[in-house]
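Participant: Mapping of the sequence shown onto the numbering used here: position 112 corresponds to residue 112, and the numbering continues sequentially without gaps.
Derived by calculation from the structure, the hints in this document are not laboratory data. Every value quoted in this text rests on a predicted model; they were computed, and no experiment measured them. A hint or two may mislead.
[Claimed, not checked] The calculated SDA-like cross-link candidates involving lysine to any residue, where the alpha carbons are at most 25 Å apart (straight line), are:
{"id": "1", "residue 1": "LYS77", "residue 2": "LYS226"}
{"id": "2", "residue 1": "LYS252", "residue 2": "ALA189"}
{"id": "3", "residue 1": "LYS289", "residue 2": "SER268"}
{"id": "4", "residue 1": "LYS98", "residue 2": "ASP146"}
{"id": "5", "residue 1": "LYS161", "residue 2": "LYS185"}
{"id": "6", "residue 1": "LYS122", "residue 2": "ARG201"}
{"id": "7", "residue 1": "LYS185", "residue 2": "GLU139"}
{"id": "8", "residue 1": "LYS122", "residue 2": "LEU134"}
{"id": "9", "residue 1": "LYS83", "residue 2": "LYS98"}
{"id": "10", "residue 1": "LYS71", "residue 2": "ASP275"}
{"id": "11", "residue 1": "LYS71", "residue 2": "ALA132"}
{"id": "12", "residue 1": "LYS246", "residue 2": "ASP275"}
{"id": "13", "residue 1": "LYS289", "residue 2": "ASP219"}
{"id": "14", "residue 1": "LYS289", "residue 2": "SER301"}
{"id": "15", "residue 1": "LYS103", "residue 2": "ASN178"}
{"id": "16", "residue 1": "LYS185", "residue 2": "ARG314"}
{"id": "17", "residue 1": "LYS77", "residue 2": "ASP149"}
{"id": "18", "residue 1": "LYS246", "residue 2": "ARG201"}
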Amino acid sequence: MKASRLLSFTLAALLCSVSAAPLAFAQAAPQTAAKKPAQDPELQAAIAKSNAYTSLSNRTIRAIESWDRYKSWVDIKKGPTGKERYISYGLYSLYDVKDEIAKAEAAAGQPPAQPELDAAVKRYIAAYQELAPLITRAERYYERKDYRDDNAAEGRELHAKMVPAAEAFLRERSVFGNQLNGFKKGIDARELAAIEASEGRLARWQLRNIMINARAVMDVMPSNEKPIVDLAAFDTALAGYSGAIKEMDAFKDKNASGVPMIDSSASSWLGNLRDFREKLGKSKGDVRKGAANDANRIVSSYNMMVSMSDSAARMIR
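From just these sequences and the hints, can you work out the full model?
Facilitator: Here it is as structure tokens:
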């Protein structure tokens, strides 16, 4: 297999819902909104739009995983010959995303208007709809080993169509993801301020602050497409997360109950991030040089934290 498959993750769109605590290594579990959400109608509308877009992003990440699967055994420049050593790997089947597409298309026409983001999601949907049928055809073709009957003729035909479609899809996903991240950061800040205004920096605020800063770290983690980490950006995100943990510790010193369920895992994750940063420093940010396993463990722990934060949000009264 190609060396690139050592990176068994895809962060291209690890984007949790706004009410959640990444482009991913893995899709993060959604988190239920806090029991006392801000009632600002505009904020709630923004959250609804972001959640619709995020659901689409998370569900369609399967196309990236399938494309990466294909690239792991085929020569992208030459196309399939039917004699590749790992041709049996084929591609992954895609998920049904009709509902997610319908909700995202509806959200694009609803307030608050976000011209660049709304346009980006429409282009992203169009790019996905161009690529998805080709992946589905190819997945069935290789699953059934039809290449043995036609000397990979259809495989080469599909390859010639999939490559430009996949490239277009990945470009649009990158634009969409960047636009969505920016939109969500603004919502995060408003939601956190609303919680503080309503009840102060108590357990609910601490929980949201931790998960917002955790997601900021995930936004600068490496991916198959970008295995070299921007160390300056990583350090900034790490400092933000460290600050959130210090805020939590100060809160726990005055409140014995602390932040339910997540405080221990959140603290441990900070230690893991610092170990990971040390390895990245030695490799000049290249995760392929000894840090890929650490990266996968970090995202696995993050996903667990998201799940735990969901339970914690329900416990906080």
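Participant: Hint by hint, say whether it matches the structure.
Facilitator: Here is what the structure says about each hint:
{"no.": "1", "hint": "LYS77 <-> LYS226", "result": "20 Å, holds"}
{"no.": "2", "hint": "LYS252 <-> ALA189", "result": "23 Å, holds"}
{"no.": "3", "hint": "LYS289 <-> SER268", "result": "24 Å, holds"}
{"no.": "4", "hint": "LYS98 <-> ASP146", "result": "28 Å, violated"}
{"no.": "5", "hint": "LYS161 <-> LYS185", "result": "36 Å, violated"}
{"no.": "6", "hint": "LYS122 <-> ARG201", "result": "38 Å, violated"}
{"no.": "7", "hint": "LYS185 <-> GLU139", "result": "37 Å, violated"}
{"no.": "8", "hint": "LYS122 <-> LEU134", "result": "19 Å, holds"}
{"no.": "9", "hint": "LYS83 <-> LYS98", "result": "35 Å, violated"}
{"no.": "10", "hint": "LYS71 <-> ASP275", "result": "31 Å, violated"}
{"no.": "11", "hint": "LYS71 <-> ALA132", "result": "16 Å, holds"}
{"no.": "12", "hint": "LYS246 <-> ASP275", "result": "18 Å, holds"}
{"no.": "13", "hint": "LYS289 <-> ASP219", "result": "20 Å, holds"}
{"no.": "14", "hint": "LYS289 <-> SER301", "result": "21 Å, holds"}
{"no.": "15", "hint": "LYS103 <-> ASN178", "result": "20 Å, holds"}
{"no.": "16", "hint": "LYS185 <-> ARG314", "result": "23 Å, holds"}
{"no.": "17", "hint": "LYS77 <-> ASP149", "result": "23 Å, holds"}
{"no.": "18", "hint": "LYS246 <-> ARG201", "result": "13 Å, holds"}
When held up to the earlier numbered hints, the structure conflicts with 4, 5, 6, 7, 9 and 10 and fits the remainder.
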